[in-house]
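Participant: The listed protein sequences derive, respectively, from chains A and E.
The numbering of the first sequence is our numbering, which starts it at 1 and goes up by one.
The numbering of the second sequence is our numbering, which starts it at 1 and goes up by one.
Worth double-checking, as some hints may not be accurate.
[What the hints assert, rightly or not] Derived lysine-lysine pairs resembling DSSO-like cross-links, with alpha carbons at most 27 Å apart:
#, chain 1, residue 1, chain 2, residue 2
1, A, K258, A, K495
2, E, K297, A, K405
3, A, K118, A, K138
4, A, K138, E, K221
5, A, K258, A, K237
6, A, K258, A, K288
7, A, K102, A, K514
8, A, K118, E, K48
9, A, K405, A, K380
Everything labelled a hint here was simulated from the structure, so no lab data went into it.
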Amino acid sequence: MSIVLPARYHCPFLPVIFGLLLIFNGCRSPAGDRPPGYLVVGIESYPLRLDPRYSTDANSVRVGHLIYDSLLRSDERSVLRRQLAEDWRMLDDRTYLFELRKDVKFHDGRPLTAADVKFTYESILSPDSLSPKRGPLKPLRAVEQSGAYQLRFHLHGAHAPFVEQFTLGIVPAGSSAAVDSEHRPPPGSGAFRVEALQSGEKVTLRANLDYWEGRPRLAGLVFKNVPDAMVRVLEFKQGAIDFMQNDLEPDMLPWLEKNTGADIEMHQGTTFQYIGVNLTHPILRRHKVRQAIACAIDRDAIIRHLLNDLVTEAGGLLSPHNWAYDGGARRWPYDPERAKRLLDEAGYPDPDGDGPLARFRLSFKTTNIDLRRRLAETFKEQLMRVGIEIELRSYEWGTFFSDVKRGNFHLYSLAWVGIEDPDVYYQIFHSTAVPPDGDNRGRYNNPELDRLLERGRATLDRTERQRIYGEVQRLLAEDLPYIPLWWWKNVIVKKPGLRGFVPYPDGDLISLKKARLG
Amino acid sequence: MKRFLLQRLLLFLPTLLGAVSLVFVLIHLIPGDPVEVMLGETASAADKEALRRSLGFDRPLAAQYRAFLVNLVSGDLGRSLYEPASVGEIIRSRLPATLQLALCAMIAALLISFPLATLAAIRRGGWIDRAALTFSLLGLSLPNFWLGPLLMIVFSIELGWTPVSGRGGFDHLVLPAITLGLGMSAILVRILRASLLQVIHQDYVQTARAKGLPEKQIWLKHVLRNALLSVVTIMSLQFGGLLAGSLITETIFSWPGIGRLTVQAIQTRDYPLVQGCVLVIAISYVLINFATDLLYKLIDPRVSYGD
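Sequences and hints are given; from them, build the entire structure.
Facilitator: Quick look at the structure:
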């Protein structure tokens with residue numbers, strides 16, 4: 001017997017709930033299977049701002065390089081090559097002359113001229129721009145348009161690292177800092193144009209068929225935001241993602257190798273991991289203590305067992321890829337006995353030999369990311385073996401970074417990403433670069449280094465600069481204001497059919513414009 | 001009833017004001033400077049100061065708070081410090097995802113818990129009852145960061161029935177809704193079962209049986225309806241939590257909801273966005289509480305609000 005319920009006994013909310021559900025589902029664009037010929041790239045965080053005048057997060061910069069061309073662009077060996085520039089030269093030590101290509105058009109069809117380049121730089125220099133790129137452009141005095149496709153950059157004085165600023169993406173003259181109603185950034189002239197932006201979810205780019213360098217082989221790119229590394233791996237396994245670079249846990253790679261047909265490549269990267277030291281601390285001020293810490297850390301064991309060879313041991317900030325790298329700088333291999341001797345010499349003898357008492361106690365700050373905490377635990381264990389007791393403190397990123405900037409730490413660990421010009425040493429170690437005027441967070445003060453760094457940025461001859469920065473590296477390797485740990489490798493996971501992708505040391509994805517699906 | 005509605009509406013404003021004020025103070029108290037994050041490593045101190053001035057962060061906290069309230073009254077939640085959009089636009093773009101997931105999780109929880117709890121109460125002590133209690137125990141014990149990936153591996157990777165993550169069609173919704181709904185249904189099964197068992201021994205149920213009413217009608221009309229009050233309370237609390245966003249589930253399933261947005265805004269010290277998100281969450285809670293009070297009256301006409 002079936003029961004027919006009077007209407008009032010039906011749940012009155014279910015139809016409402018289902019109705020709402022349908023409405024919300026209806027509000028969505030149709031479920032997005034990838035368009036044919038598109039490559040799906042899995043990324044760990046959504047690009048915050050694609051306009052090259054404002055982009056600072058790594059994914060905005062990498063996606064931006066595919067949308068916006070610049071006067072010059074680094075190649076896979078970190079050498080600056082011409083892109084929009086047909087020719088460029090230095091007229092004197094403070095003037096650069098650029099001749100632009102005449103066959104370049106923005107995605108909206110307008111030709112790219114010197115007026116657009118001039119506008120892009122001037123819009124950043126404007127005090128109202130609030131652009132994070134304004135600081136690096138400080139040495140620029142004026143941009144002078146000397147023809148429809150010719151312009152001159154006048155600097156205040158000789159400043160060798162300024163050439164890096166010619167890699168800034170160019171936007172059309174008149175582009176507002178504000179975005180249109182669909183949050184689209186201004187059009188670029190690059191190999192791909194913005195097709196769709198789904199906030200927090202994905203960025204879809206379509207191939208620019210009129211690209212001056214020839215149309216890209218891929219029909220388009222989808223940058224899919226999948227914050228969880230394990231889920232990105234599962235998406236790859238399912239075939240929903242074709243390409244991933246970095247941001248993978250070390251123990252995921254063996255699984256990927258075994259369970260998917262992925263092509264996995266590892267290449268030397270430029271991301272440098274270090275232990276930062278507060279040089280105003282009475283114990284850490286002694287350079288023998290810093291040398292002892294460097295000797296007490298068994299990097300080799302950490303690299304093999306905890307990091308699955310995803311890194312290579314580092315001797316300093318610049319990786320062997322960098323033109324200014326000096327392989328002769330001193331290294332501090334694992335040697336606990338030597339570490340103990342150095343601590344004795346520094347005036348911190350072990351109070352009870354093999355007993356439990358420590359020579360001294362320091363705090364070590366890190367973020368609350370799981371891998372960072374595990375690494376910090378390992379440092380703690382290894383430093384305790386030579387008599388240095390460590391108190392670990394892990395914080396969420398904002399709090400941690402604020403403490404580091406204010407110099408409120410003994411030891412901490414962080415990484416430098418995307419190092420190209422060695423002038424970065426100025427920003428990190430010059431005595432005037434203490435926050436907020438720079439990143440000398442450990443308050444390092446060495447007049448000899450200051451002189452070298454000042455000479456380095458004012459010297460335009462590359463061989464001479466190489467010699468100066470060689471000296472800088474040797475000095476820092478002796479003095480150890482940072483304890484070098486390792487350079488992260490770039491790990492690329494791609495589906496086997498993808499051809500033509502060339503890895504870049506800084507993780508740039510620009511070569512996707514020449515990649516193709518086999 | 002009218003008086004009740006009026007009272008509730010009057011309480012609405014101080015509750016929201018309290019929530020946003022508390023968050024305003026807290027977000028400014030925690031360490032971290034949005035200007036540092038916005039301008040990056042290479043900006044000069046003068047540029048940072050200029051930006052701080054242009055954003056109004058150089059003013060005393062009381063003046064900032066006053067300006068925030070004035071803007072709020074005029075419906076202006078401000079602009080995000082990082083994304084090139086207004087706070088209102090960003091929240092509007094994420095809210096449908098959160099509502100969609102919350103509703104589906106709630107439906108999943110109801111579809112699982114009501115039949116299970118009712119069968120468990122009918123067959124008290126039997127295998128169904130034991131199975132329901134075991135399910136409830138498991139549902140409460142399994143964390144979402146474990147259950148979510150487990151469901152992905154089984155249903156997306158091994159069986160290939162659903163996408164792994166992301167937002168799209170209905171198939172994208174199934175796994176995150178079940179992940180969230182299972183935990184909720186575990187609680188509901190326990191509460192509803194206990195409530196049903198309490199009600200079936202009431203005199204009016206015995207009277208209904210003595211009158212010869214069919215058993216199904218007794219359960220639906222007399223038992224289930226009277227057992228609903230306690231369940232509605234729990235459901236409203238749970239639903240409020242879902243609307244505030246479930247950070248873990250949203251992260252695992254790459255679901256672009258309010259929870260992830262709020263945490264990201266806190267991490268980057270995006271003050272206007274944090275305040276906007278909290279305001280929306282507070283409004284959700286207040287509205288759900290309001291709806292729950294109305295539901296009480298609908299379920300049990302004896303409930304009185306002093307009219």
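Participant: If a hint holds in the structure, say so; if it does not, say that too.
Facilitator: Evaluated hints:
A hinted pair counts as satisfied when its Cα atoms are at most 27 Å apart, and K258 of chain A with K495 of chain A qualifies at roughly 14 Å. Only pairs whose Cα atoms come within 27 Å are accepted, and K297 of chain E paired with K405 of chain A is rejected, the gap being roughly 57 Å. For the given pair, K118 of chain A sits about 15 Å from K138 of chain A by alpha-carbon distance, which is consistent with the 27 Å threshold. Taking the CA atoms of K138 of chain A and K221 of chain E, the gap is about 77 Å. The hint is violated against a cut of 27 Å.
Proximity of K258 of chain A to K237 of chain A is assessed by CA-CA distance (about 11 Å); at most 27 Å being required, the pair is judged to hold. At most 27 Å may separate the alpha-carbon atoms for a hinted pair to count; K258 of chain A and K288 of chain A exceed this at roughly 46 Å. A threshold of 27 Å between alpha carbons decides the hint, and for K102 of chain A with K514 of chain A the separation of about 22 Å falls inside it, so the pair holds. Between K118 of chain A and K48 of chain E the CA atoms are separated by roughly 24 Å; this keeps the pair inside 27 Å, and the hint holds.
Taken as a hint, the K405 of chain A and K380 of chain A pair is honoured in the structure, with Cα atoms around 23 Å apart against an allowance of 27 Å.
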